[in-house]
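Protein sequence lines, in the order shown, are assigned to chains D and C.
Numbering-wise, this note's numbering puts 1124 at position 167 of the first sequence, and it's gapless, one number per residue.
Numbering-wise, this note's numbering puts 170 at position 151 of the second sequence, and it's gapless, one number per residue.
These aren't lab readings, by the way, just hints derived from the structure by calculation.
Treat the hints with care, as some may be off.
Quick list of in silico lysine-lysine cross-link-like pairs, DSS-like style, CA-CA up to 27 Å [what the hints assert, rightly or not]:
| id | chain 1 | residue 1 | chain 2 | residue 2 |
| --- | --- | --- | --- | --- |
| 1 | C | K300 | D | K990 |
| 2 | D | K1283 | D | K968 |
| 3 | D | K1278 | D | K960 |
| 4 | D | K1121 | C | K301 |
| 5 | C | K296 | D | K1121 |
| 6 | C | K315 | D | K1121 |
| 7 | C | K301 | D | K990 |
| 8 | C | K131 | C | K355 |
| 9 | C | K301 | C | K215 |
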Amino acid sequence: MKKLTQKMEFKPFCVLIAIILICGIISGGDFFKITIVDGHLYGRLIDILRNGSRYAILAAGMTMALGTGGTDISVGSVMAISGAIACSIVDGRILAGLNGNVALAVLIAILTGAVCGAWNGFMVAKLKVQPMVATMILLTAGRGIAQLIADGKIVTITSDAYYKISGGYFLGLPIPMYIAIGVIVLFLLLTKCTAFGMQVESIGVNPESSRLAGIKVERNLWIIYILCGMTAALAGIIESAGIKGADCNNCGLMIEMDGILAVAIGGTALSGGRFSIISSVIGALIVQTITTTIYAFGVAPELTRVAKAVIVIIVCLLQSKPFMDKFKSLFPKNTAKEVQA
Amino acid sequence: MRKKFLAVSLATVMGLGLLTGCGSESAPAESASEPAATEEAASAKEEAPAEEEASAEEEAPAASSANDKLVVGFAQIGQESGWRDGETNDVQWYAAQHTDTIDLVFADAQQKQENQIKAIRNFIDMGVDVIAFPPVVETGWEAVLTEAQEAGIPVILVDRGVDESCADLYATQISSDFIWEGAQAADIVGDLLEGKGNVVELEGTVGASAANERKEGFDNELADKYPDIQIIESQTGDFTRALGKEVMESFLKSHNDIDAVFAHNDDMALGAIEAIKEAGKKPGEDIVIVGCDGVKGAFEAMVAGEMNGTVECNPCLAEQIFDTAAKLKAGETVDKWIVSNDGVFRQEDAEAELPNRTY
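Bound conformation, chain C alone (with noise of 0.2 Å):
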């Protein structure tokens, strides 16, 4: 009896992994729909840029090897999100785009910093021209940077700082502007409420750059131009739904007279739309919605009529990763901070790109 009860759950417990296969199998069928949603998203930029880099290429001192092509060498971090995986396949898509002048070399961390530094150090071990990764965390790069620095290769920072003491060992850093971010938020709730009502905010994690940041924006925006529309709530919601949902009920019974609700991220900004149905009034309409990094669900509540808008926070960096990488080639200076191009989208925009939405 006991064997055979054995036999079951270890029969069960495979099962649960065929289970699991099945998910994962069903992945290459909607990835493969992602790079064709790129295509359409970077066609849609402008083809200057791409001109540009090859007219930079130009000048650039080809001396040095025989392969005159761009060599980057990307370490990114791993499969950790959505967002993640939509730069992963931007920055691949686009250096397949351009094989004649880009020659990419790309390295999977796996969420690991030695994984990160070992990529690196092949990196510098191969002489690529320009060494572009996202830092898994902020600490612990002083030894591989300095490195890569006396190896004379320019290193760009993806949308991830370093902290302080290694300021000077890399070239540039490329990533969003979160206080901006947060200041376009306020523009929405401001433009819509027309200059005029009560704000709540619901809070990323404590402590986290993208909340701190997003509120200083959002906040002083707000105080600088729309000084009749009021902060009457602030809470945290740890950058998830369902805490956003939470935060978001006990909002609506402490206060009748909310207009409108700015979330720090378009996931709390979603469970905020559960709740104020569930408070029987209508988002997007009895309360206006404004969320940020432009995820595909924003953008499916936006067409719905229950967000009213999202400030973009661009995974799509590959462009300016290889102009920049271009420019440090060929020996030119850069700004230590170059700002992402993030887009703001309101909710007659959102049909139009919601094709576009990698992530």
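For reference, chain D alone in the conformation it holds in the complex (with noise of 0.2 Å):
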């Protein structure tokens, strides 16, 4: 028992039950009800599901580079751009030859995310930028780069198949948590199978020694930020299938936040070091739950942002020990019985 409450996953895997036990018992039990429509599963913890998962993609990716000392704030753009190959192929404006394949979009889509992954490894690694300012680059001109592609507009598609990708469901479920859990799985096999993950967190906590005890930094860091800008790929994917369209201005606007945010959450520090895929996909889970339950409760429009702040706020104060430590000094009671039981 000790030992389950000790693990990095066990607090916000507490915040997240926390805060959909909350959300269900002041609406009353609507916020669990599923019912099913069209033979699939519909509610809100469905929502959740779908639409956190492209949360989930960013952050396993996100996890990665933090826990280098890194960051990768360009992933907005980068799912930008993304959704803005893979639509403009699906709909032939460009290379028509493919005759709107829809895998061979999402390819190449991923591998640009791969070749926008690469310029940041580059710029990391072998030009030893800081990554917040090397990744800053394509986070601005990223933007350019897909509207020069879609041709400054919003590229609606009609092809069912690429809706699919993101309101597509299996045997009742939405396809994106398959394609989340594909990724996390691919992940925690890289990093729990292999030495790469005690790789990443030696970087992260002193690159220098580690490259002296022979850890190749460079390559390392190349490998991580080309997965972070796939993982951004395919999130930007999932979201452009979702509504059916490149929107090169909003797609992914503001999301490298909410991915860091959800690493945060899940524990991992954004100094580097020790570092948990599966916290981090929680505390994306986190996130989405947070703007879902906003949309839930009809919160005034002007006060959104500061409810989701105010959430944030408990939430990160809920994960801070000397917060907590005051806190449990105010019941000395209570610890007490706590420790004994």
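Each chain sits in its own coordinate frame; assemble them with the hints.
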């Protein structure tokens, strides 16, 4: 039992369950209501799974970048680029020879994400530019590139196959959830079953001593930023599929902040070192749950951002050790009981 | 090995460059069809104003210059959206159609205020008859507008306003009436629901004038004319498709009895359509959907029967701009605010109008 509570994933998981439970109770059970519509499950929890999956995918990549003590703030722009490319191919605006083949469009979009990631990797690993600054280049330029690809318009597509990437269901559950699970499993295999995960943590703690210890720091940074770019591309594809179009101005706008927030709520230190992908994914679901909650309770439009901020502050306070220690010391009897238990 | 990796990645980066190159190359093919579409749109308009303009020209005291054409300096913001491109195309096309009466000096400010100011100073030096421009931001125009006034050149603000302190420095503003747009949308909703039902509202970005005024117009019109229609939910979707969809998903879960959606722009309406489909309902039939702006996608959705109406926010302002410019040159007084000719389109009009859509 003690082992379980000490796990990095434990706290964020409790927070997620707490938020969902509180919502459920306040809404009188409405929040939990799941019905079957057109042969698939339908309800707010399903919405959280579907809409949260793109955060989860992003957070998985972001966790590793943050684990090395770096960051990737270009993910939102990379989402816009990949969405623009995928939609443009499906629409036949570019590479018309592919006849709007959805699988190839997705593949090319993800490869483009990898190229964007490689650019970031080149800046960070090779030129030793500070990650925040290095990725800021694509953050600003990326939307311009996406605009160029989409010709400054919202490319609207009608392909049902492409729409299924976001709106489809398998065994009654949304497809994006399966994509997210696939990505997370891959990343877990990579970090837990190979030395890669430990090397990432080592780089995060001290890149120079890692290098002296024989870790290929540069190569690992390249790989991490490329993976980050690919996760962003995947998230971009899911987002553009959901709205049947590439909205270059707004796709993934400010999502890098949500991604970093998800990782931070998950408990991975932004300064690098120990990281947990599962925690970040839970963090991503928390971020999405907050959004869904705010819509569910009909918070006035002027207050949505404030409401979000308040919840985030509460979540962060729950995670803060000094605060919790202080809080517990206010109730000495209870803590004594807890210890006994 | 490392060098090889670098070479490969460089090659892929260049490849990306090529790819974007392809993207922009494909543009001319598309834009080639645009002028044609604008042509149809404009020729569909009445021919009368052109004549009016000509007569205004005759009345104008031609004393000042040898060039008795109407010289208009137009300082466009730049390329920011399909809507903006539609406006640019319309202005250039209209001027090209009337080369015998109009001399258009066009400048592209590339989204920068200093470029726009520079262009306007240029126009003043050139001594154009009238200056027209959509101010990229609201503030910081006092100096240059004063210069124009001292030079005796009237200024027309196009589709956007400037802040109050400059109110005396420009001749007129040609722009949409968002309140009217909201009211028109309310009429479509009220009509299709036969005066009874529940409406949800997808608001634009909090604080944007288009959002505030469309909401004001819509809410007031419903309250006045259709007291049995209730607005049961209203939430911002930031004018984006993705949020429009997400907010609508939530509305649909909170309420089983939504009869209509009013979205402050068409993109949010298009997002809402997807959400409604996912909920197993038929957009356009089970739930009435009305948007604003009149973008092409909305017309396609209307043709497909998934949307019921849109209130246009017309970027084709050229005719009004040049008419007003001619009046100003002739020394006539014009209204301080000229409302642009916005159309209201319903599902049944969509098919005929779709080919005319340029943005």
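Verification of the hints:
1. Restraint check for C/K300 and D/K990: the C-alpha separation of about 18 Å stays at or below 27 Å, so the hint holds.
2. With a CA separation close to 17 Å, the supplied pair D/K1283 and D/K968 stays within the 27 Å bound.
3. For the hint pairing D/K1278 with D/K960, the CA-to-CA distance comes to about 18 Å; that is within 27 Å, so the pair holds.
4. Simply put, D/K1121 and C/K301 have alpha-carbon atoms about 18 Å apart, close enough for the 27 Å limit, and the pair holds.
5. Straight-line distance between C-alpha atoms of C/K296 and D/K1121 comes to about 13 Å, which keeps the hinted pair within the 27 Å bound.
6. The suggested pairing of C/K315 with D/K1121 holds, with an alpha-carbon distance near 23 Å, which does not exceed 27 Å.
7. For the proposed pair C/K301 and D/K990, the alpha carbon gap of about 22 Å is at most 27 Å, so the pair holds.
8. With a CA separation close to 26 Å, the supplied pair C/K131 and C/K355 stays within the 27 Å bound.
9. Under the criterion of a C-alpha separation no larger than 27 Å, the hint pairing C/K301 with C/K215 is consistent with the structure, at around 19 Å.
The structure fails none of the hints (numbered hints given earlier).
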